[in-house]
Amino acid sequence: MGLPVRKFDALVVGAGGAGMRASLQLAEAGLSVAVLSKVFPTRSHTVAAQGGIGASLGNMSDDNWYWHMFDTVKGSDYLGDQDAIEFMCREAPKVVYELEHFGMPFDRNADGTIYQRPFGGHSANFGEKPVARACAAADRTGHALLHTLYQRNIRARTQFFVEWMALDLIRDADGDVLGVTALEIETGEVWMLQAKTTLFATGGAGRIFAASTNAFINTGDGLGMTARAGLPLEDMEFWQFHPTGVAGAGVLITEGVRGEGGILLNCNGERFMERYAPTLKDLAPRDFVSRSMDQEIKEGRGCGPDKDYVLLKLDHLGPEVILKRLPSIHEIAVKFANVDCTREPIPVVPTIHYQMGGIPTNYHGQVVAPRDGDPEAVVSGFYAIGECACVSVHGANRLGTNSLLDLLVFGRAAGNHIVDFHQRNKEHKPLPRDAADLALSRLARLDGAAAARGAGEQTQDVGNALRRTMQAHCGVFRNDELLTSGVSKVMEIAEQVRRIAIGDKSKVFNTARVEALEVENLIEVAQATIVSAQARQESRGAHARSDFDQRDDANWHKHTLWHRAGNRLSYKPVHMKPLTVDSFPPKARTF
Amino acid sequence: MMENGSSFPAGAKEPAVIDERSWARLRWRCRRGMLENDIVLARYLDKTAGAIGEQELAALDQLLDMNDNELWDLLSGRTEPSDEKLQCLVRQLRSA
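Residue numbers (our numbering), protein chains in the order written: chain A, 2 to 592; chain B, 2 to 97.
The hints are simulated quantities; they were obtained by calculation from the structure and are not laboratory data. Quick reminder that beta carbons are idealized off the backbone N, C-alpha and C, glycines included. There's no promise every hint is true.
Said to hold, decoys possible - Capping the alpha-carbon separation at 27 Å, the derived lysine-lysine pairs in DSS-like fashion look like this: (1) A:Lys508 x B:Lys48; (2) A:Lys314 x A:Lys325; (3) A:Lys308 x A:Lys490; (4) A:Lys325 x A:Lys308; (5) A:Lys578 x A:Lys559; (6) A:Lys130 x A:Lys430; (7) A:Lys506 x B:Lys48; (8) B:Lys86 x A:Lys336; (9) A:Lys299 x A:Lys314; (10) A:Lys308 x A:Lys282; (11) B:Lys86 x A:Lys506.
What the hints assert, rightly or not - Derived Cβ-Cβ restraints for the label pairs, each shown as a range: (12) A:Asp140 x B:Asp47: 42 to 50 Å; (13) B:Arg79 x A:Lys559: 42 to 50 Å; (14) A:Asn465 x B:Arg79: 29 to 37 Å.
To be verified - Footprint (simulated), chain B over chain A, 3 or more residues, beta carbon under 8 Å: (15) 255-269; (16) 345-358; (17) 531-543.
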């Protein structure tokens with residue numbers, strides 16, 4: 002062993018919105034808190050969130066948390082846990098007002114109250130009419146949130162470990178989580194970070210797909226560590242696609258473009274959405290537009306030499322409208338699609354945007370896993386929140402504005418629960434003798450004999466093969482044939498991952514080592530995703546099977562759990578009982 | 002993942018003026034919260050392939066200290082750099 006050890010009351014891995022909301026709660030309660038982040042905190046992917054934070058403040062018209070809860074349950078295609086959803090929607094106004102007091106620069110109404118904008122899927126009176134529920138800071142809500150939380154954390158003396166990468170969980174013989182092993186990227190030193198509680202807020206793993214709106218840092222590190230520690234991942238078949246990512250780059254083209262009158266065309270110049278959605282056309286819900294686009298491509302009506310994208314036409318709006326109302330779109334089209342969108346259409350494809358599944362937790366943020374007949378036994382000392390967690394409030398499909406809300410509500414709740422745990426558990430449990438073995442053996446393998454002989458696999462080649470395979474076999478269009486062959490291919494790639502070797506053995510800022518470690522996390526998430534998707538023989542929310550095109554509540558109204566050992570699946574019931582109100586039973590999802 | 006990332010060029014024609022460690026550190030700090038910035042910076046790094054001068058390095062360090070929205074505003078031409086020392090680098094990044 003012999004690794005240096007640092008000891009804290011609480012450890013937070015990830016410094017996006019979720020991690021920093023939780024760490025704030027902990028530091029303000031007087032705990033010693035260490036927050037690890039691969040990048041500087043305000044450069045976390047939360048910065049990319051534009052839309053807003055959903056909360057039933059009722060500043061624009063009548064609203065209440067029960068209506069918000071209904072929208073979230075329905076949006077989830079009835080796979081969301083209704084206790085967690087009730088908790089989130091009830092807490093929403095509280096966390097928004099708290100942020101206001103922290104100094105978050107929300108947009109305002111003339112009377113000084115927080116301005117709220119309408120957003121797809123949010124309604125008043127159980128679907129009767131749209132309601133304005135999104136609290137935003139212009140189109141930079143995520144950015145404002147990160148800065149507000151970072152400043153507040155500095156004030157509360159949270160300790161940030163910037164450019165540190167967590168490697169593996171430390172668990173003892175009881176299965177309790179006692180901290181992590183971590184790599185200080187700048188020096189290459191490996192440490193053991195010991196804590197009474199460890200909270201993962203490591204974000205999603207959108208980089209398992211070739212077409213992704215996610216930043217390069219989103220490699221699912223927390224999910225990889227969780228899987229390697231012998232804990233399951235929940236509902237990993239559910240990934241939200243955004244219909245209009247720039248083909249080949251992934252960069253997002255906002256829905257506002259279609260709102261302003263932009264239309265989608267196939268290779269025949271046909272406005273195909275008229276066929277799929279005669280009323281809403283190009284403004285149908287995200288998952289519906291994505292599936293229609295994919296259908297066009299699969300049936301040979303895609304554009305370009307490989308017929309693998311469709312076109313987003315907006316030149317008919319005229320240069321004034323485009324440059325005035327959609328200025329950033331013009332830049333994005335030039336930079337990432339090499340087209341002048343005032344004259345030519347933009348090539349677009351459905352693009353991975355958000356991971357609904359993750360590390361299974363309850364609504365206190367505690368990680369839960371099956372043990373001794375209990376499908377949801379608490380893993381002592383371990384918490385997860387935000388996109389890396391599956392609590393599950395998003396179920397099979399996330400409602401816009403609920404991602405920022407999720408990280409605030411559960412960041413705060415997990416923080417409070419950890420403070421309580423800290424008060425009840427005065428001592429740190431001793432670290433087991435083998436605490437660092439897993440991480441050290443992985444590092445040793447990367448530096449190992451294969452590398453010396455030049456016989457190992459290259460990180461970049463393996464990573465690219467994985468992304469291409471996931472895109473081709475587990476994208477919008479899914480059926481048994483594609484998924485089954487995809488599972489075999491991903492398993493082959495998993496073998497290649499085990500043979501990755503790095504030539505550069507230096508310690509200081511060895512990014513080759515970091516990138517190899519990231520691929521080891523991506524492969525766990527990819528296996529969980531495609532194995533879970535292959536098994537689920539129904540269409541629900543974002544998981545659409547052409548061979549099972551209906552939702553099947555009789556057989557599939559349940560959560561998937563993927564277990565790394567043996568690539569095995571098990572299932573557990575959906576929580577249909579809310580905390581205080583009547584349950585919303587599954588109904589057909591129509592818009 | 003730095004899919005478009007480049008490794009340090011062993012046989013680069015121009016003598017690289019920064020060492021391998023500084024280059025690695027720079028590459029890591031080009032990991033951002035927004036995909037737009039990731040891509041533009043990765044393209045630039047691929048193009049320069051380690052042959053970057055001290056002045057350029059200082060300018061890049063200054064840019065990388067910005068938050069992602071500020072940086073993207075500069076890279077996409079929505080804003081212009083106030084600091085003269087940054088102008089040349091921003092032009093190169095925009096054309097990358």
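Are any of the numbered hints broken by this structure? If so, which, sorted upward? Hint check: 4, 6, 11, 12, 15, 16 and 17 fail, others pass.
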